[in-house]
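488 is the number of the first residue of the sequence shown in my numbering; add one for each residue after it.
These are calculated hints, taken from the structure and not from any lab test. Do not take every clue at face value.
What the hints assert, rightly or not - The list that follows gives simulated cross-link-like pairs (lysine to aspartate or glutamate, EDC-like), each with its CA atoms no further than 16 Å apart: (1) Lys1296 / Glu1330; (2) Lys1105 / Asp1076; (3) Lys1188 / Glu1234.
Unchecked claim - Simulated restraints, written as ranges between beta carbons of each label pair: (4) Lys1059 / Val1662: 43 to 49 Å; (5) Gly1445 / Val1662: 53 to 59 Å; (6) Phe850 / Lys715: 43 to 49 Å; (7) Glu1319 / Gly1149: 43 to 49 Å; (8) Ser1355 / Glu680: 24 to 30 Å.
Predicted model only: the values in this text are computed from it and were never measured. Note that CB positions come from ideal geometry on N, CA and C, so glycine has one too.
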Amino acid sequence: MGSFWRSMLKVVAVLLLVVSTTGEKVFSCNNDDCKFELDERSLKEDIHSYKFNLTDESATIDVSFDGSRLSIVPPSLIADYGHKLKMLNMYRADVQRVEPDTFGEASVLRILLMHENRISKLHNYMFRNATNLEYIYFGNNRINVVEEFTFAGLENLKVLRMGNNKIELLPQKLFAGLSQMTDLHLFQNRIVELPDRLFEDLSMLDELYMGFNYIEKIQKDSFVGMPKLSKLRLHNNRISSIHPDAFKPLIELNFLDLEANKLTNLAPETLLSQAELLIVDLSSNRLKELPKDLFRHAVVLQTLMLNNNSLTQLHPDLFESVEMLSELHIANNQLQSLEAELFRNLKQLEFLLLENNQISHIFPGTFDPLKGLELNLNNNGLMMIEGGLFRNLGFLKKLYLNNNLISVLSSECLDGANQLQEIHLDNNPIRTLDEAFLQTPQLTLLTMDKCGLKTLPKNLFAKQKFMRLLSLEGNKLSELDPETFRPLERLVELDLSANRLQNISTSLANFPQLDVLDLSGNRLRSLSDNAFANTKQLKKINLENNKLTEIPRAVTRLPKLKAMTLEKNRIKSTAVTQNMQLKELYLADNKISSLQLEKFPKLEELFVENNLLHSLSKSTFAKNTKLKKLNLSGNRLSGPLERVFTPLRKLETLTLSDNALGLLTPATFQGLVSLEDLKLKNISLPRLSNLPFASLSLLEKLDLSENRLANVDAPALRNNGMLKKSTSMILVSIDDLSGLVGLKRLESMSLSYENVIVPKALLKNKPNLEELFIQGSMFKSLPVRFFRSARSLKKLSISDNKQFVKLPKDFFADVPYLIELVLLNNSLSTLETGVFDPLGLLEKLDVSENPIRLLPEGLFAKTYSLKSLRLADANLSTVPVRMFDNLYALNELDLSNNQLKTLPNGVFRRLYSLEIISLDNNLFEQVEPALFDGMEKLKRVHLAGNKLTTLDPQLFAGLPLEGLDLSKNKFTSFDESVMAFADQLLILGLERNALTSLKVSSTLEKLYIDGNQLSTIEVQLTESAAFSTLTTISAVGNNFSSLETFYKLKMLSELDVSYNRFAELELGKLCNEIVPLYMLNVSNSFVQRIKTDGIESPTSLMHLDISNNNLTTLDVGNFAVFQNLENFVLGGNKFDSFSVSDLIRTFKYLKTIGLEGTTWKCGFLNSLKKSVQKVHVEFWYKSRDEKYHSAADVCSKEVDGICCE
């Protein structure tokens, strides 16, 4: 027998040798690879008394405790067998500590695997006698202290992994003498500083991983002593400076990762010694320029990533020496132009990413040296593609031009790009499309989504014999010429969704290879019977959100159709004339009152939610025996539905939620022998008894939420031992939860009840439980060690319990692996220091709506992993200065709705990762400029509902602030343009202050100023920003009497100036000055006249609200210039009629019309309704804003909620 088969048999033998250990004191193994799974809590003896009998006569043995639960390494194992123990595996064994002498006798130990435990400290000289160690894994523990001589004497150590711990300090001599080490992992710790010469003894080190720390600078001698290092990862630190000679010792470095730091510049000599570099990543820094000689010696560089910086230009000689470069990423910078000779030596370049810059024009010849390429120019300001731009790019395969400003596609655009296979042109305002544009015969993919296309040139695809995918989603196509698509014989996927098609006739009848067709979001009322006459390969069709009233006969003639979506139509019946081979049928949100399914014998998934089904018979599913998923939620079904589902022996998921079933019996689910997932949310179920799920032996998930169960008795779930997820949101008092006790496999459980006594044994036999939600109960405390068996618990929520006043200090001792903890709306008044200490992996904590008042300073000392912390509505008046010092990873902090008047400077100093902070609804009268110092990732600040009257201009200086909410304060004037954050801010909220003057910067994009006293807005323009970038303004309830102040805002797309005072509205001038404007609300503003003259080109206006003004007539013809109008709100004026025929004829794309506020003649309203329904126009209703809108109209008569008389 060969050595390979001998090794395989050995592995099999080892896998079978998992020793049964419950209740034993001596643990035996007669093999050289021993596996034990021990639970210290279930064994009677102390772990120090454990004995091992390892009888194999081999020179060395391997021992694994993978999956055990042991607080320490069993001492006798090392003491008795340290002389032959070669490998010790304690991966995920819940080890909480290692003692200084734990490995004192481990003289032959070579491999030590201690990752994913709870160890917090490594001691000096703990491996002094384990000198043969070669591999040590301590990753994913909770280590925050590593003493200086922990690894002393380990001259043979090759691999040391301590990533994902909490280490802050690396002592100077920590790695002394480790001359054979090749692999060192220190990523995702809390390291702030690298001592000089820390690694000087690591002469053989090949890979060093230090990403996701908090290192601030790289000094001259940081990397001395590592001449063999090939891979250095320093990404996601806080590095702001690198000494020019820092990398000089790293002469064999080939991979340098500095992504996501704070670098603003690099010295020209930074990479002087790195002649072997293959990959450099400088993405996501703050680099504004790069020295032209930075890559002078990196002559073999292949990949360079410069994405997400602030580069405004690149020196023409920057890439002179990197002739081997194959990938160049420069996306998300501020490049405005490209030097013609920039790429002159990059003949090997295969991928060039220039996405999201500010390049408006590229000179022909710029890309000439690039022979084979994928070119990404998405998200720039390109206004045209000049002929000759790609003249020498004969090997260009993929071209990305999404999200630009290209309006013309001429026949010369793609000259030279003869091998082009993919063109992406989404989100460009294309006005002119030459039918000779596509002179690229190899094209396989074309996307032109959301380009405003109204028609397609007849010969556009004349040369496209190989196109496989064509996407024209979100345009304005209203008809299709069959000749246009005729050349596309090999098309496999076609997306025409979200257009304005009313009839496709036979334009899609000749696609012999078409596999997927999307026609959703159009206006189709029917399809001709031969609509897909020669499109016989179609497998998936989406007809969602049209106006169909029946399943079209055309689709029944598709022999290979497997999936069909008809959701959100007006279909009343599922009857079809011939058998279909469908496997998936989606019919949600129609008007189906009965099911006829006999023509769908191969259905596997059926969705009929939110229809009008009243009843189901025993024969409804008789022919659908292959069904695996069935959704009938949101209908009008009543129970018990006995034997209706009996034929469905293969059904795995059944959803009956939101039906008033009321009653379930064992016969309801009879025959569902394969059912795994049952959803019975909100079915008016009064009790759970009499074994309704008796036949569901494979049931794993059960949702009974939003019912009013009075009990869950013990027999109710007796036969459902496979249950993994139970959601029982119970809204009334119950006195029996015994039915849940026996469910051993539960992974998720949700309970809501009052005055119930929680069984002490509820969690005792649920080792797999990962989620527990308890809402609205009235217990004062849970039994001692209630969570003792819930080792796997990841999410815990205890909320809305006003009797729950205190957390015992050891409350979470048995759930150390919690990820999310919610303690919302209880009566917790005291949180003791140490109560959260076991939760070192906790990422989300919510203790809002508790009367806490005071926070002890050390409360979060060991919750190192927190990313989200909510302390809202907690009656806090002070916060200790060191409260958050250990929360380096915190991303979101909510301190809203407290009694805070001030916060000490430095309280946020170590929140290095914080992006969002909420201080809404406190008592702040001023904010100190230094309060937010150090919060270098802060993007959004909420300060609404305070008493602020001014802000210091230096507040948030140097921070990447994007959004600021100052609503409901006491500002009377505000000048955002002088603030230190003006250049970064994108969103500003100043609603409901007392503003009479406002000045903003030109870079602001969204402004919310409702409820002030403004009559004008001043915009501060600069030389670098010649116009405002404001796209959204909400100025409801101010004192504007003219639109003059808005004319200069040329990028505005949404404007709400309702509840102001405009006697005359110059709508024509507004749309002429602001071309992108598509949403305008001037309701409730005393408008008497609207002028629409002066418009020079088609407008973008799609939503217009002129309701509740003083207009006496509506001349629809005056609004004919707004050809793209989709929503027109006009009720509440002083006219009670208008020309309906003119309305329909004028606005071809109209979707909704708003009529509220006027008491119309009932006859007129009925006639209007009938007319607009013929063209698929519906009534539009306003939402009610408490501040500005009155209550809904009360009518004596109405038509669809609109008052009439």
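Outcome of the hint check:
In summary, the hint linking Lys1296 to Glu1330 is not supported, as the alpha carbons are separated by about 20 Å, beyond the 16 Å threshold. Our distance criterion of 16 Å between C-alpha atoms is broken by Lys1105 and Asp1076, whose separation comes to about 24 Å. Between Lys1188 and Glu1234 the CA atoms are separated by roughly 9 Å; this keeps the pair inside 16 Å, and the hint holds. Here the CB-CB span from Lys1059 to Val1662 is close to 21 Å, at odds with the stated 43 to 49 Å.
The hinted range of 53 to 59 Å is satisfied by Gly1445 and Val1662, whose Cβ atoms lie roughly 56 Å apart. Range check, Phe850 to Lys715: about 46 Å between beta-carbon atoms, so the 43 to 49 Å window is met. As the Cβ distance of Glu1319 to Gly1149 is approximately 48 Å, the hint placing it in 43 to 49 Å holds. At about 28 Å, the beta-carbon gap between Ser1355 and Glu680 stays in the expected band of 24 to 30 Å.
Going down the numbered hints, you'll see the structure goes against 1, 2, 4, while the others check out.
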